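Enquirer: Put together the whole structure using the sequences plus the hints.
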Amino acid sequence: MDAIFEKVKEIIVDQLEAEEDKVTMEASFIDDLEADSLDVVELVMELEDEFDMEIAEEDAESIKTVGDAVNYINSNR
Amino acid sequence: MLTEKVALVTGASRGIGRAIALELAKEGADIVVNYAGNKERAEEVVKEIEEMGRKAISIQADVSDEISVKKMIKDTIKEFNRLDILVNNAGITKDNLIMRMKEKDFDDVINTNLKGVFLCTKAVSRQMMKQRYGRIINMASIVGVSGNPGQANYVAAKAGVIGLTKSTAKELASRNILVNAVAPGFISTDMTAELTNEQKEAMLKMIPLAKLGQPEDIARVVRFLASDDSSYMTGQTLHVDGGMVM
Ligand SMILES: NC(=O)c1ccc[n+]([C@@H]2O[C@H](COP(=O)([O-])OP(=O)(O)OC[C@H]3O[C@@H](n4cnc5c(N)ncnc54)[C@H](OP(=O)(O)O)[C@@H]3O)[C@@H](O)[C@H]2O)c1
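These protein sequence lines map, in sequence, to chains V and H. All residue numbers for the first sequence refer to our numbering, where the first residue is 1 and numbers rise by one. All residue numbers for the second sequence refer to our numbering, where the first residue is 1 and numbers rise by one.
Do not rely on the hints blindly, as some may be mistaken.
Sample of chain H residues at the chain V side, in silico, Cβ under 8 Å [as the list claims (entries may be wrong)]:
#, residue
1, K170
2, E171
3, S174
Computed beta-carbon distance windows for the label pairs [as the list claims (entries may be wrong)]:
#, chain 1, residue 1, chain 2, residue 2, range
4, V, E6, H, K71, 55 to 61 Å
5, V, S75, H, R220, 51 to 57 Å
6, H, M1, V, S75, 45 to 51 Å
7, V, D21, H, M246, 57 to 63 Å
8, H, K26, V, E50, 36 to 42 Å
9, V, S75, H, G37, 42 to 48 Å
10, V, D59, H, D107, 30 to 36 Å
Straight-line distance between alpha carbons at most 25 Å, and here's what the computed BS3-like set of lysine-lysine pairs gives [what the hints assert, rightly or not]:
#, chain 1, residue 1, chain 2, residue 2
11, H, K122, V, K64
12, H, K104, H, K130
13, V, K22, V, K64
14, V, K64, H, K170
15, V, K7, H, K166
16, H, K104, V, K9
17, H, K130, V, K64
Read the hints as simulated data drawn from the structure, not as lab findings. From a predicted model like this one, the values you see are computed outputs, not experimental measurements. The beta carbon of each residue, even a glycine, is placed where N, CA and C say it ideally should be.
Expert: Listed below in structure tokens is the structure:
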């Protein structure tokens, strides 16, 4: 779980140019990390590639915070 | 020049699509020649491109079928590792007066000419977003702007393509993906060969330049939209119609 969080954090920092300490489990991509909706789509694509998984359109829509992404990856990998 | 660029042209076995494929290859791009059923004609286009010293492959895929479209894009990226230019050119007509038009004729034309553009655009957007580079060029039609009796299905699809072009342009601009459309007038291809002489005469009267266009007239404008010469343009529809609609 921690390892997943660290990896996800690294991708978010890189992709959204977010400050590291703002990337907490509770942080919302759009409200806290200044992402727009296209950024979130791109981020999900990047996570798919990094964790070698496919995230269905319906599931992707429910990923709104860093925690959502970490938990999704943790339980679907 | 389009050296090191990879272009996918849908419906490139004949007519305007073929001319576009050859024109982009002439500028240095490698080409994927998509077709629906005409394998022989597609292979001829591949051969012509290879003779210019460019790489080319043909891929059969019905643009109105999502699974085939996804596979086509996957195969393209597997072969060339990138995809810079998508030309949504595949199109059909099933003309009739509204009173006589069958529901299926309406659906078929919308599915190929409009939904096909959506499916191909969706399928390439991931790769283009990652590249932070893309050019999408959609084949509309001047009748999508002006309307035309006997072509309600076709006109609805082409007007739809113009709207789709604008929305896609706005959605993808921040990722350096430019999306424009070309609206040809009457171009001499298989599609217009079916017209009677009478119909052609009537048409010529509406064209200030007083002649039909050639597929190459469209291909050169597509080449411009695919190149960096048009890098400050997105969401536009260029009329290439001998002045028919101003
Ligand atoms: N000609 C004109 O005056 C004119 C005017 C305005 C706009 N346009 C537009 O320009 C585009 C090209 O027209 P054209 O005159 O060159 O047509 P064309 O000579 O009839 O060629 C049509 C091309 O589209 C392909 N195609 C048809 N349905 C397809 C499908 N479901 N999936 C994949 N490919 C498909 C055909 O492949 P196969 O060879 O395998 O059948 C062929 O390569 C069309 O979008 C048309 O609406 C044409």
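Enquirer: Now look at each hint and say whether the structure bears it out.
Expert: Taking the hints in turn, this is what the structure says about them:
no.	hint	result
1	K170	violated (11 Å)
2	E171	holds (7 Å)
3	S174	holds (7 Å)
4	V:E6 - H:K71: 55 to 61 Å	violated (36 Å)
5	V:S75 - H:R220: 51 to 57 Å	holds (54 Å)
6	H:M1 - V:S75: 45 to 51 Å	holds (50 Å)
7	V:D21 - H:M246: 57 to 63 Å	holds (59 Å)
8	H:K26 - V:E50: 36 to 42 Å	holds (40 Å)
9	V:S75 - H:G37: 42 to 48 Å	holds (45 Å)
10	V:D59 - H:D107: 30 to 36 Å	holds (31 Å)
11	H:K122 - V:K64	holds (22 Å)
12	H:K104 - H:K130	violated (38 Å)
13	V:K22 - V:K64	holds (15 Å)
14	V:K64 - H:K170	holds (23 Å)
15	V:K7 - H:K166	violated (37 Å)
16	H:K104 - V:K9	violated (51 Å)
17	H:K130 - V:K64	holds (21 Å)
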